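> The residues making up each chain are set out below.
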Amino acid sequence: MRLSRRALIILLLPATLFYTVFFIIPFFISFGVSLGIFLPSDVQISRGELITLRYYEQVFDQIFLRVFLRSLALASATTALCLLIAYPMAYYIAVKAVRYRNFLLLLVIMPLWVTFLLRAYALLTLLGPEGFVNGVLLSLGLIQQPLFLIYNETSVLIGMVYSYLPLAILPLYSTLVRLDKTVIEASRVLGAGPLKTFFKVTLPISRPGVFAAVLLTFIPAAGEFIVPSFLGGPNEVYVGTLIYNAFLAARNWNWGAAMSIVYISVVLLGVVLYLRLVGEELRV
Amino acid sequence: MRAGDLLLKIFTGAVFVFLYTPIAVMMLSSFNAGRNLLNFTGFSLVWYERALSNQRIISALFNSVLVATIVTLLAVAMAVLTAFAVDRLGRKFALAYNNVLYVSIIIPEIAEALTLVLFFIWTSFPLGFYAVVIGHLVWFPIVYVVVRARMAGMTKTVEEASRVLGASWLRTFIHVTLPLLLPAVVSGGLLVFTWSWDSFIKTQFTRSPGFETLPVYIWNTASGRGRGVLPEVNAIATLSILVSIALAYLYVRYREKD
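Line by line, the protein sequences give chains A and B. For the first sequence, the numbering used here begins at 1 and goes up steadily by one. For the second sequence, the numbering used here begins at 1 and goes up steadily by one.
So that you can see chain A by itself, here it is in the shape it has in the complex (with noise of 0.2 Å):
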């Protein structure tokens, strides 16, 4: 069915323009913010300078250099440890549990559509002072002080898996149900073990799920703020939280923008990095 321009237009219309005032020019005032062009700080107005790269120097000032390092530090562990227990259990629901492949995948997305929010919040009912884990634990007299199992950097890395973990079992899941079991097959008979077969075989097929899983959980849980908040001491600042703070408690706008910006840049080449591998991989 064929529709004239203007019908065209018209359909367009409210989705674009609505995108692009609310998404897209935020994106270029913030980028203008982070310069100081826009909502210049009052330490840039009293040194009269109209566009400044102070900010950009702030955030990688020393000290936030360290948070940055931190954040990419509790990002690297949460994705490596989420591979390796997501990829197993991926390869058990795709492969080997066929009649129950699709209620077990029901289990993995049904913790998705829970909140972070409300997820952390639950970590914080079982590890918490008050939390059933010391409860357990004094009433059967093995602890006299609850135990501080949270506030610390272990209580935050496993907030973090377990928030990110069906992220990573997802995608793993999705290449490794089309994995062709003749191939496997055909290495076993051809005389490789199972190890030898699982890195030589397996593992390169499913290389672009990996990508995928690594992608979905590393960018965000680079910025992660929620997990760390609960769960996390008060001296675990990662780059999360101080872009919320930067903007709630700081009223620091141009800082808060540049940090924003650096981190935009940096997702965006690692999604068009990823697209690049990954188109070179189903060429090939």
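Hints were generated in silico from the structure; no laboratory data involved. Don't take every hint at face value.
[Claimed, not checked] Straight-line C-alpha distance at most 30 Å; calculated DSBU-like pairs for lysine-lysine:
#1 Lys200/A <-> Lys181/A
#2 Lys200/A <-> Lys9/B
#3 Lys156/B <-> Lys92/B
#4 Lys181/A <-> Lys9/B
#5 Lys196/A <-> Lys9/B
#6 Lys9/B <-> Lys96/A
#7 Lys181/A <-> Lys96/A
Since the model is a prediction, treat every value here as computed from it, not as a measurement.
Got chain A; can you put chain B on it based on the hints?
Positioned in the frame of chain A, the structure of chain B alone reads:
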């Protein structure tokens, strides 16, 4: 069964226990008459009564439902109109349009929320209900993706038949295209409803001080050291999770039809 398979099975089971225990513990505590699970003094709905007679919780619940409903209706309308038009664009233009819309799905929420709120501050747009709705509505591309996928797989002959038989494009759209799209519209709508229902960061950035949704209320009472867990919050969090799980179930059902 080989030993390796058994090991995989046990491992998968253990991970599911890890994924569901915290939620189960929280839900169970909300039905306990005592303050925590240790002194389980019996099944009770006392915390639900307490939560639902708390004026702040009621208004947060109301706001959550209102925002998510408005956002869903508008997002679906925008997504369907756009998908319908893009379907009739040239291949190249359609691809470019898709890519631009997908960006809002992959950008981390916290960075997007900050750029939006800076825009509101710069234009002196008042923060509060409308700002929150606009913020959530920027997620309409998630509905668009689902609707577009369905549309691409649809045969065009039915629409063409309707046109040949003399129906206008508007009539064809309402009586032919829309009914065919319904499963995708419902599952896309469920997705954006959930995103809105679950949204914390965007809402927190764009709300005005007196305006709370459920996630914001839970954050304000439970985050940070020393505040911790309240049984009323367990009750309202359980309600919220039940809503999410119901939506997830409906989504899976409609995806099967799609």
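> So, for every hint listed, does it hold in this structure?
Hints and how they fare:
1. Lys200/A <-> Lys181/A: Between Lys200/A and Lys181/A the Cα gap is close to 14 Å, so the pair holds against 30 Å.
2. Lys200/A <-> Lys9/B: 23 Å, holds
3. Lys156/B <-> Lys92/B: Between Lys156/B and Lys92/B the Cα gap is close to 20 Å, so the pair holds against 30 Å.
4. Lys181/A <-> Lys9/B: 19 Å, holds
5. Lys196/A <-> Lys9/B: Holds, at about 21 Å.
6. Lys9/B <-> Lys96/A: 9 Å, holds
7. Lys181/A <-> Lys96/A: 11 Å, holds
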